[in-house]
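Chains as they are written, first to last, in the numbering used here: chain A, 44 to 610; chain X, 44 to 610; chain V, 36 to 318; chain H, 36 to 318.
If you are wondering where the hints come from, they were derived from the structure by calculation, not from laboratory data.
Note that the Cβ used here is the ideal one computed from N, Cα and C, for glycine as well.
Misleading hints may appear alongside valid ones.
Each computed EDC-like pair below joins lysine to aspartate or glutamate, with the alpha-carbon atoms no more than 20 Å apart [what the hints assert, rightly or not]:
| no. | chain 1 | residue 1 | chain 2 | residue 2 |
| --- | --- | --- | --- | --- |
| 1 | A | K487 | X | E129 |
| 2 | V | K266 | H | D260 |
| 3 | X | K189 | H | E262 |
| 4 | V | K270 | H | D312 |
Stretch by stretch, here's where chain V covers chain H in the computed footprint (C-beta under 8 Å, at least three residues) [said to hold, decoys possible]:
| no. | stretch |
| --- | --- |
| 5 | 46-59 |
| 6 | 85-99 |
| 7 | 175-185 |
| 8 | 234-247 |
Here are the simulated distance ranges between beta carbons [said to hold, decoys possible]:
| no. | chain 1 | residue 1 | chain 2 | residue 2 | range |
| --- | --- | --- | --- | --- | --- |
| 9 | A | P437 | X | G191 | 27 to 35 Å |
| 10 | A | G151 | X | T429 | 37 to 45 Å |
| 11 | H | Q169 | V | D255 | 30 to 38 Å |
| 12 | H | Q169 | X | E498 | 38 to 46 Å |
| 13 | H | Y256 | V | D255 | 29 to 37 Å |
| 14 | A | P237 | H | G179 | 29 to 37 Å |
| 15 | H | K296 | A | R90 | 33 to 41 Å |
| 16 | H | K296 | V | P51 | 43 to 51 Å |
| 17 | H | E208 | A | R90 | 42 to 50 Å |
| 18 | V | E46 | X | V419 | 48 to 56 Å |
| 19 | A | F190 | H | D254 | 33 to 41 Å |
| 20 | X | A280 | A | P437 | 18 to 26 Å |
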Amino acid sequence: MTTKTLNIVIGGEAGQGLVTIGELLAKTLVECGYEIVVTQSYQSRVRGGHNTFTIRTSNAGLAAPQETIDLLIVMNEETVRLHREELSKNGLVVTDSSIKIDAIPCLGVPYGELTSRRHENVAALGVATFLLGLDKTVPAQVLERKFGKKGAEVMAENRKALDTAYQWTSDKLAQARPEALDFLKLPETKRQSPRLILNGNEALALGALSAGVKFCSFYPMTPATSIAVTINQYAAAMGVVVEQAEDEIAAINMAIGAAFAGAPSLVTTSGGGFALMTEGISLAGMTETPVVVMLGQRPGPATGLPTRTEQGDLELVLYAGHGDFPRAILAPGSVEECFHLAGKAFELAESSQGPVFLLTDQFLADSFRAVVPFNVDELCSVQTGTDPSPAQSPYRRYALTEDGVSPRLLPGFSRHLVIADSDEHDEDGHLTEDLEVRVRMVDKRMKKYARLKNEVIPPSYLGAEDPELLLVCWGSTQGSVVEAAGALESAGRKVGVLHFAQVWPLVAQHFVEYLNRARQVVAVESNATGQFARLLERATGLQIRRQILRYDGLPITPQTILAALKI
Amino acid sequence: MTTKTLNIVIGGEAGQGLVTIGELLAKTLVECGYEIVVTQSYQSRVRGGHNTFTIRTSNAGLAAPQETIDLLIVMNEETVRLHREELSKNGLVVTDSSIKIDAIPCLGVPYGELTSRRHENVAALGVATFLLGLDKTVPAQVLERKFGKKGAEVMAENRKALDTAYQWTSDKLAQARPEALDFLKLPETKRQSPRLILNGNEALALGALSAGVKFCSFYPMTPATSIAVTINQYAAAMGVVVEQAEDEIAAINMAIGAAFAGAPSLVTTSGGGFALMTEGISLAGMTETPVVVMLGQRPGPATGLPTRTEQGDLELVLYAGHGDFPRAILAPGSVEECFHLAGKAFELAESSQGPVFLLTDQFLADSFRAVVPFNVDELCSVQTGTDPSPAQSPYRRYALTEDGVSPRLLPGFSRHLVIADSDEHDEDGHLTEDLEVRVRMVDKRMKKYARLKNEVIPPSYLGAEDPELLLVCWGSTQGSVVEAAGALESAGRKVGVLHFAQVWPLVAQHFVEYLNRARQVVAVESNATGQFARLLERATGLQIRRQILRYDGLPITPQTILAALKI
Amino acid sequence: MSTLQDFGQYETAWCPGCGNFAILQAVKKALVASGLSPHQLLFVSGIGQAAKTPHYLNANVFNGLHGRALPLATGAKLSNPALTVIVESGDGCNYGEGGNHFLAAIRRNINLTMLVHNNQVYGLTKGQASPTSQKGFVTKAQPGGVLAQPFSPLAVAVAMRAGFVARSFSGYEEHVTAMVTQAIAHQGFSLVDILHPCVSFNKLNTFTWYKERCEKLPDDYSPTDWEAAMKTAVKWGDTIPIGLIYKNEQPPYEENFPVLKKGPLAKQGVDKKALQDIFSRYL
Amino acid sequence: MSTLQDFGQYETAWCPGCGNFAILQAVKKALVASGLSPHQLLFVSGIGQAAKTPHYLNANVFNGLHGRALPLATGAKLSNPALTVIVESGDGCNYGEGGNHFLAAIRRNINLTMLVHNNQVYGLTKGQASPTSQKGFVTKAQPGGVLAQPFSPLAVAVAMRAGFVARSFSGYEEHVTAMVTQAIAHQGFSLVDILHPCVSFNKLNTFTWYKERCEKLPDDYSPTDWEAAMKTAVKWGDTIPIGLIYKNEQPPYEENFPVLKKGPLAKQGVDKKALQDIFSRYL
Ligand SMILES: Cc1ncc(C[n+]2csc(CCOP(=O)(O)OP(=O)(O)O)c2C)c(N)n1
Ligand SMILES: Cc1ncc(C[n+]2csc(CCOP(=O)(O)OP(=O)(O)O)c2C)c(N)n1
Ligand code: SF4
Ligand code: SF4
Ligand SMILES: [Mg+2]
Ligand SMILES: [Mg+2]
């Protein structure tokens, strides 16, 4: 089977409905059996500006975005101007025939003649369906699912727009440019059993729900808002309280209160909002309250670029909060991993009785992928608190134990009283000025690192046994790094990829061999200073001399890496 | 000249006036020509509990606290119970004769017979004056300066209490325990020219005033409050606006606003309050606004031990704020250095146009020392903003320059308009979504590190050329480490001390040789995990395998270090 | 059912003569009067002298961060509405650092009882101005006197039509007990601002100062008349009215969440059937 | 003296039909009416659609953090009182994230003009409830409708006896101009809460909705009568009063600082004589 990969960009102003076309086309492709990787690029405004919805698709596996464009569907002239340089050799522009474009291959569609204004995006779907050589019945079913509930008439209109545009394209190309047809036609592929289409944030939300999240507080902030909003959509069905707080400080303190009272609790935010939670994180550490924080990264400092992507908040999260206390930081590399690590985060928070962080970013948050359905029966949810029945009176919340973890009773569920304190405290939870107790309590808290280290997800390794080049990455860049490594392998180089889905704590034994074995180690990150490379150095004492860093707000692509390595 | 060093502890409940005795005695000692190091230990309450005011004094140089007690002046029985184990071989307890103490050398003073309740602390001063063999006229002058303004009668009463107690002690000891007399008698010393008695926070305040601080915002928090309060005491005379903010977030944003409008600006806080400023720090970084933050460290996490000491906020400060931007962190090792580095902080903030931090801690904040007066004529104050006259129109606040520093005009001082933005911005200060501009702006900001590195204070080195043991420390622990090193030298070991008064940025060339040369390197810090050692490792790639860490809330003493090294 | 003894007797870190002692005693009495047992109660406090109160009685306690008691209590209440949640902290904590949460709690009308020990000063940090300090009040940190107008929590609470707005004075222990008991009984957000002397740092608003001014509302005062309440709430001068100033019965916030009707969140598992349905929406 | 042209004409990032356009225009007119030149002005904003406004006119600008415009402006004003400082941001920014600063600014009575573009929704983040959203208002983030009572900035400001409290509506550009002009002229803290439609995310409080309800205060309305003002401030229903609701002349905060009488802090050097005196206190 030959494989073909195409990159389809739909571009226009905010408010022109390009996300609708994009989602319909993505669904169609997945139902036809193709893989997709969606990248959304938008500005911090509601209307106007320049946005794109990019679907990279293939009949083979796929996990990264691409920079060149094979099919550019535009809603305005500006999009052509901004992206013409990115068109691949046979790249085609699809535009309204009223927009005049010169010197590049272009298909002008007379939308106005084919359909009404409202149905132009469905018409564009029809054009794309034909160009990509897709089974026409699939987008029709997709439309049916989307608009079916709105009644037969609405559905019929949509159906008509789709068919008319499909037919028009077929007729037009038959005469005019059959070669474009071939280039854009996707190879046939097996229909797969139904897959979920999820973006990173949806996967996090579903993962949290599966894990048993019961309380979620947030203050809106791009690109994290949709995690809480998605959970809220199912709050009634799943028995969750979702609360928009008055500010981020309230959000983290609410979550701590809710967790203390027994609910597995979540806070979602971005870097600037997280900065405000710093004191609260320290409170979770001191009071040993489990709480999960999901942070959608975007470029800083300060307000920065609110709708773009970056991996710049790793050090912020690692060192947030005054004083020393244990924590864990997860960083999923794919949409599927978003789902699973959301669950892991709740587990770790409960087992270590403290804050656990999950770092995602705008790229992953908005990136739709096709995911094999999760088996509901296999999913475990978190158990909060400890059974009160064996507890002695008076119950001591911070009893000193071998591994630093004390039985955690929940207030109000027994006659035992639960005392938590942000001051340094004695085993019973009351504040103390006994400085020997202080030392014991610091040691108790730090001991919990042993448990966290036992449960660490080791980095995944892919590639040759003895690579000349080892690419190290974390979080959302995984797909691009793996694809770049594949390209290098094809060019005859021995390459390995080490991807960290958990970036703290690090257990050097898990990976130091890889670093030692490789002739050259290159860290790949979306930030300006190589924060994770620094962390690896701290954990291993090894210097990582070469870094590929991107910090213009766009995701790292395989091309970014290959260009930097001058291949 | 023989040298003698004594440790005098005054102990009792909060509210019993022990700070008054302590300050009077400290002043007396300094006027007599002795050196002092004061350590204050108190609890997070206003009355009751157990507090101490400790004066270590000597006729030779002195920079560290001591753990054993030579003279223990107690206001209650509990103090004896808590400290009797710490008494040195010839240590003496001075107490009210109504308090019965057994099995230790004790001088019971019949305060009730000698004077009235109100004057008991002055009477205690009289006793100490005699015991230490001090010139009786000196405390009399000290009292005169303190109470003189309250009228002749008040003064006469105080004077009488002093004299009566002095005489009583003289009579009593002549008969009873002359050997104690000898042990406690300080060797004669030259009167020195007058010295200032300052604690760390007072020195910071005076340093800031000298440097030209014009705006100071704060929210009360131990142990930082007294910096702002001291500045406020002189605000009218020195032309400063001091504002107690509604919360720490307001404090940092006010300071940024004031600095933008031209005032050299300061914020004072402790770890928990600083945690709330994290987002604001990022704003200072993004908008390139100079602002100085003085942080008085205390043990965390969360509320922790509010009145104790720790060096646990280094990593918090180093990584505070989302996104990457330059910063500098100073950490004075003595009261004198507090004064000078306060000035340096304002200079660096202005020259690098960004946030500069100064880390102190409760120990140093409250530690009085005798300081040679500063020469007012030699002190430089900071110049804010750039001359607007050569500026071109339209003025561009973030003009790209060789070293990343752009001319900083102040709003309202010329017809040029000054635009600052927390979003990523163009040279003119307006928000941008141009991702190439983004990259240039990140690079511009990071370039300023070169300037900061040029102005770094290299660590000070003291000791043998080729030490077998190198003690590395930062901030307030300097005195103890140097003294411990001296003791080791006397015991025949070759020891060096490397003290960092600036902990970020680090220029490895300044000190890596010292680390390489020493047979063993030991880091000494007041925190649980060795934060500075970690930072050194990051900066040099060298592992510092041995650490002496103290985190019970008390300052590191020479004894702490010697005991850890098992000498 | 409980007795005073159930709530224990602890040594405190307060200054002799402080108004906090009377408030602590009144709170215990109110708990007994409310028929609540220690384990049914959750006290949430911030940081300050007042905020130490929960350490001095038997109950579940979360002593949180300075200024953040309200959101923490809100989270706890929304996690387990069966808990009687009482927020207890100082004027600085609640109206200074925590001002934004005060506004939000009133808007939510969440069923918490908020007891503010209002000594018009920051006690624990040794005497700086608080938001309720009088204009001109001189402290070490405000050597020229306080420059801003004092915050009137009652005026703001009544203006926002908070559920239950009362003032009391530590000098009248029975009055404090009555107000706290009523506040606990009230279903919705309730505020009791309790004036009390700080003998160490507030030499202006002393016990006598309060005693001379605090005056109980007349028997015929109607706390449901908003206009009258507004006028009463801003009174602060030779007489300072104490009592229940305003009351407004609205369903408490937590009743808006059907899921909370099923009991505490901690006891609600994951409904796998519902989860499967949700997954299928993404097919 | 300035003209409309001095304040420039920029492309905006707002949606066609948004109320922000009219407010921008009115602000420019008010600046001209106030006789202010661009360099005498400092606009401080937070983050949101409204907070972009200062980018669209010529002046000194500090576009700060979400919710933190007021303290930043306070610092700038206390650093250089000669600047006319105008805070411009949305309802979410000022009453949500920044609620505590709103209370503090009123208490200080600092001489700032605070213009709140109140569209009763979070616009820039695509339509979540704001503190002023109506109860029951349905959004993607509040699928069951808003559960809390809306925040009434005017009620709180009047209850706290703020210096200048006004409401306007973007549909009446001249009215906005008049209110902003008066607010700038007022010496002390002034609030103008400007209702405006968000065509993208608030389908409830539309242009027509406001137009049908907003009603100018009668000519004989006296803004110095606090009781009347309080009643007016809480009116929100079939009619919504617009105009100057309350006014209270008090010396502005910055006048409390004698040092500011000597001009901007940036120009005040270090008095070495005074410094020497201070040092000698520690001898
Ligand atoms: C974030 C933070 N800022 C500041 C402090 C310091 N602090 C502790 S208590 C307090 C003031 C307490 O005043 P109030 O709430 O009125 O209580 P009181 O002591 O008067 O009862 C302050 C400022 C802190 N603990 N945390
Ligand atoms: C600390 C922080 N939290 C959240 C955000 C995200 N954010 C940006 S604008 C906004 C809401 C804006 O609403 P509003 O102030 O009403 O302005 P509008 O857009 O409606 O004019 C939010 C929540 C942020 N930038 N910073
Ligand atoms: S300082 Fe004031 S409030 Fe605190 S315990 Fe003492 S008297 Fe009470
Ligand atoms: S989203 Fe609303 S407030 Fe923002 S520009 Fe559009 S209409 Fe205006
Ligand atoms: Mg108080
Ligand atoms: Mg809004």
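These are the hints, each one checked on the structure:
Under the criterion of a C-alpha separation no larger than 20 Å, the hint pairing K487(A) with E129(X) is inconsistent with the structure, at around 28 Å. Among the hinted pairs, K266(V) with D260(H) is consistent with the structure: their alpha-carbon atoms are about 13 Å apart, no more than 20 Å. A threshold of 20 Å between alpha carbons decides the hint, and for K189(X) with E262(H) the separation of about 53 Å lies outside it, so the pair is violated. Distance hint between K270(V) and D312(H) is unfulfilled; the C-alpha atoms sit about 46 Å from each other, more than 20 Å.
Beta-carbon proximity to chain V at under 8 Å applies to 0 residues in the stretch 46-59 of chain H; the threshold of 3 is not reached and the given coverage is violated. Under the rule that three or more residues need a Cβ within less than 8 Å of chain V, the assignment of the stretch 85-99 of chain H is violated, with 0 such residues. Proximity of the stretch 175-185 of chain H to chain V, defined as three or more residues with a beta carbon under 8 Å from a beta carbon of that chain, is established by the 5 residues found. A stretch counts as covered by a chain when three or more of its residues have a beta carbon under 8 Å from one of that chain; for the stretch 234-247 of chain H and chain V the count is 0, and the coverage is violated.
Between P437(A) and G191(X), the C-beta spacing of about 56 Å breaks the proposed range 27 to 35 Å. The hinted range of 37 to 45 Å is not satisfied by G151(A) and T429(X), whose Cβ atoms lie roughly 54 Å apart. Between Q169(H) and D255(V) the beta carbon distance is about 36 Å. The supplied range of 30 to 38 Å therefore holds. Checked against the hint of 38 to 46 Å, the C-beta distance between Q169(H) and E498(X) comes to roughly 56 Å, which is inconsistent with it.
As the Cβ distance of Y256(H) to D255(V) is approximately 32 Å, the hint placing it in 29 to 37 Å holds. Take P237(A) and G179(H): their Cβ atoms lie about 30 Å apart, and the range 29 to 37 Å holds. Checked against the given bound of 33 to 41 Å, the beta carbons of K296(H) and R90(A), roughly 48 Å apart, lie outside it. Our hint of 43 to 51 Å for K296(H) and P51(V) holds, since their Cβ atoms are close to 45 Å apart.
Checked against the hint of 42 to 50 Å, the C-beta distance between E208(H) and R90(A) comes to roughly 21 Å, which is inconsistent with it. Range check, E46(V) to V419(X): about 51 Å between beta-carbon atoms, so the 48 to 56 Å window is met. Evaluation of the 33 to 41 Å hint for F190(A) and D254(H) yields a failure: the beta carbon distance comes to about 55 Å. One distance hint, 18 to 26 Å for the beta-carbon pair A280(X) and P437(A), is violated here, with the actual separation near 56 Å.
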